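Visitor: So the chains spell out like this:
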Amino acid sequence: MAQKLSMKQRYSALTRDLDWTPDYVDPARVFPYTAFEGIKVHDWSKWEDPFRLTVDAYCKYQAEKDKRLYAVLDGFAQGQGHLSLSDARYLNSMKLFLQGVTPLEYAAHRHFAFLARYYNGPGPRFAALCQSIDELRHTQTEVHTLSTYNRYYGGMHSWPTMFDRVWYLSVPKSFFDDAMSAGPFEFLIAISFSFEYLLTNLLFVPFMSGASFNGDLPSMTFGFSAQSDESRHMTLGLEAIKFLLEQDEANVPIIQEWIDKWFWRGYRLVALVAQMIDYMLPRKVMSWKESFELYFEEQMLGGLFKDLEFYGITPPRHVEHAIAEKDLLSHQVYWTLYSFSYAAAFTTTLPDPAHRAWLREQYPDTFERYYQPPFDRAAAIQEGGGRFFFQGLPQLCQVCQVPMLFTEPGDPTTLCQRERVYRGERYHFCSDGCQWIFDREPAKYVQAWLPVHQIYQGNCGGPTVPDVLAWYGIQDGDAGSTSARSTTPTGSAGTPKPRWGLTMPVRAITEAYEFPSRSRAELYGDDQLVHVLWKGNMLLAAAATFRVPRAMPWAEFLAGVVDPWAASDPDYRPGTGRSWTLDGRPLEPRDADTLADLGVGHKSLLTFDT
Amino acid sequence: MSGSREATGLDHDGGRAPSDGARQAQRVRTVGVDLQEAGEDARGVVVAVERDNPGATVTQLPGLVRIQVPGRLVIRRASVEEQLGREWETHEFQLAIVSYHGHIAEWDEDEIVIQWDH
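Protein chains in written order, with the UniProt record's numbering: chain F, 1 to 610; chain H, 1 to 118.
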């Protein structure tokens, strides 16, 4: 009679005994992706999965999780549970979740399936396989969970299309595309370690506690069900990093750079969560600041990084900026979404007096001083029957793709601008963190599909806001507030003039990694993009980006382009004394000078004071 | 790495880095788990964990129970079974866990151990 195997023995039988070493095909051809990143692995059998999961246990418990979730969904639908939400506004956060997170789960499903085939070791292959199935389960259960609301509320249709097209969703999409286009080890550090271990608690736990607190039983149940898999994913991330660090000392500096990069990439992504926690939940669970302190500073910096010190790993580069931003982040991001919500598939409203009191209490050093004034001005506009909007398109960061809404470290009233000229073209960044990431691999980031630039190139349905919204799949009423305006002067296409072609430092599986900028000057013909920043005006969340002819005279540029945008601020007076700068140098324009005469180039930054 | 990088340090309480002596005597880092606040099973696990881990702090959040323990957290099958009055395999813990911090150092038939290794 066969004896029942222990957990350890069963796991070992699955992951070791079913593996074999190829002998008539070169292993390098079977596993072609695990060498080019420079990571050295000497012994794949050293990989440990603490969960010791086997196929039977995996199926048994996953089935149980689904059974529990679907019982809740059925009961909620039967009992008209959607009527018991704290407030319909709550669903904004779920729209954002469905549009921005669900597609990431699907992307993760695809990429972990790829890794389940291409890692050399059977341990990580099986862990990746389980995760791939988990991520598909998350995609499906999220869709099922939110379909409960889709029957009654707008803005939840077309989310896969929106994910590919809508401006604020290019933030999560480009984040994940960046990871998927990296090698298999960088992906693991990007997603499994930096995202799932370092930052996942900031994303999921407040979302799901928020769901619980706002009467959203289905999302809470879904979230905790998904999160129970997430604990396994966190373990994969932590095992991965320990395994790679222990395999070879030469791996340490490579991994440190990946942590540095992916911490900042992930941190910029969760900016969307920060505003959700502080502004979109009608009943608050905890503030972003508190959640950042608890889940990141205490657990990760205070716990995890002490452990990684042993291997010579230090806390991520630029983490001090993230810590300093905890008092600012959610307000800056929400104000930006409020300013642009005519182009979003969710609603934004001004915080009411009770909400403001809560914000003042949570953010005693910053809210009243810096962020309440714009809300007060917007409230005054609203009382007069209007609605404040940013009447233009924002300048975007080349790396994180978030509008350039972040401020200089230590100076919450000055928008942060960083710039690099790479191969003759200018690029802008929201922070030192994003600039550092660009500098490591400029050839990768010049390819960024920046929504604003794509609109100006005519790739997004047409030149007006209604054209673009139709192309996004956003319907009237999805946002709760709409404004139909025509913004963009367009120009004719010019002659292509290639200006790239040297080798670049991106570590790639191919010999040459060469791609043109996706926003190069030639794509705009006789026109060019120009960024304009009104310095110190907190009502305008970011600089604006315009497409204008190089031959446009200054007077026409002012009256036809700058004035209509600056008039977003009702106090703006055209023609009042201003001091201008062009790319950091003083500029004294005369009315008849053309932009070209003045030296305003493609993606130049003009700033003015009033 | 730059000086500013080191200065970011691990002391998030806003104070300066402690002296070497203070660093030695530093408080033990906590590990912990977040569990779903769902039904008898979850309650049984929480009670078992509290019993087996002196110094455990239990915090309630909407839908969640957070358990934190200085240094090392252990979940014993026998203790959970005693609470639930039925057989319980450690794999079942996957149904309750939402998140954790620390490193899962052991997970076998009899116990689950979460700790920092270094």
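Think of the hints as simulated: they come from the structure by calculation, not from any bench. All values reported here derive from a predicted model rather than from experimental measurement. For glycine and all other residues, C-beta sits at the position ideal for the given N, C-alpha and C. Hints may be right or wrong, so weigh each one.
What the hints assert, rightly or not - Label-pair ranges, simulated between beta-carbon atoms:
hint	chain 1	residue 1	chain 2	residue 2	range
1	F	Pro409	H	Asp110	19 to 27 Å
2	F	Arg117	H	Thr57	26 to 34 Å
3	F	Asp56	H	Gln60	51 to 59 Å
4	H	Glu82	F	Thr161	47 to 55 Å
5	F	Pro364	H	Ala42	47 to 55 Å
6	H	Thr57	F	Arg573	42 to 50 Å
7	H	Asp110	F	Gly75	34 to 42 Å
8	F	Asp43	H	Asp110	38 to 46 Å
Visitor: Return the numbers of the hints above that this structure violates; sort them in rising order.
Guide: 1, 2, 3, 5, 6 and 8
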